[in-house]
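Here the sequence shown is numbered in our numbering, starting from 923 and rising by one per residue.
These aren't lab readings, by the way, just hints derived from the structure by calculation. Don't take every hint at face value.
Below, computed lysine-lysine pairings styled on DSBU-like, alpha-carbon distance capped at 30 angstroms [what the hints assert, rightly or not]: (1) K1124 / K1243; (2) K1128 / K1252; (3) K997 / K1249; (4) K930 / K1035; (5) K1243 / K948; (6) K1036 / K948; (7) K1243 / K1182.
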Amino acid sequence: MTIYDISKKAGVSIATVSRVLNGSDKVRPSTKKKVMDIIEKYDYTPNAFARGMGLHSLQTIGILCADSSDLFLAKAVYYLEQELQANGYESLLCCTGYNLELKQNYLNLILSKKVDGIILVGSNFIGTTEDENQYIKDVSTQVPIMLLNASFDYPNVYSTLCDDYTTMFEATESMLDSGIADPVYIYNSISYSGRKKLNGFKDALKKHGISDIENRIHKYDGDSQQFNEIADFMDQVAKEAPPFHGVIAADDVLAVGVVKYAQRNHISVPDDLSIIGYNNSMLTTCCIPELTSVDNRLETQTHQLVQTLVGVLSGEEMPKKSIFSGKLIKRGTTLF
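Whenever a hint applies, use it, and build me the whole structure from the sequences.
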């Protein structure tokens, strides 16, 4: 029996059960009686999460990310740890890799450390099938699960993310409206976030009546840390794709590789080729010209996620999903 089972049988939220366990006076007597009757019937003993942020809380949060060398994930972990420390929490970090079995094993490992909650950083933790997401469902019955940059609708799972679909749609429209009618899109991930971005690009092209969309989409399967390899990949794209005067990349690393491709092929940026990246990372100011990129408001996302987590652990009703709009930060790789 878990706090999730109690809430389900009582027909109330997990937060309400937590309030009852903490002795809160904000619960109606009839609701409190209903919850307590079920607790007594099943001889339920609450764990640290169920008791909320009381004396029994361990004040520790587990953080899982796939790859600490990824700029986006590394920055997200940094912001999360700063926010958690500011709210009196310590953190345990595990880097899981991208294999489903490893992610499952690390999630169970971090759970065994009796953490108060778990943060999954990055959309790669969300699969496309029910079986791929079962491990998240299982753990969410014991502690709250917080998703950063992904969305999953399930009890005791809370999502904080950028609206990648709309943001990419608008970034693509900005390029199209500037007169560049032949952009290509490059990406290296088919994660939850990656699919949203890809669909945003496709739909923007459809809206503008561009028909050869699939020929303008290219997946990079090489090492995402090697700009020379990305530039080589772009050489191949230039041979295979229809002519293009704009490139939109799913992240800044890919976009910087495109800048390198342009430089070694003596293509003027932005006069002859416009480039847009994504994430507004430190790389945007490390290339010449500086990179136009989408700011997905990562720092704001992490702040909101931790505030939601703290609220949940305090027994408060918190939003299940927090969505933020990204913004195109214009620099030297575009003229618009």
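Hint check:
| no. | hint | verdict |
| --- | --- | --- |
| 1 | K1124 / K1243 | 25 angstroms, holds |
| 2 | K1128 / K1252 | 24 angstroms, holds |
| 3 | K997 / K1249 | 18 angstroms, holds |
| 4 | K930 / K1035 | 26 angstroms, holds |
| 5 | K1243 / K948 | 24 angstroms, holds |
| 6 | K1036 / K948 | 28 angstroms, holds |
| 7 | K1243 / K1182 | 38 angstroms, violated |
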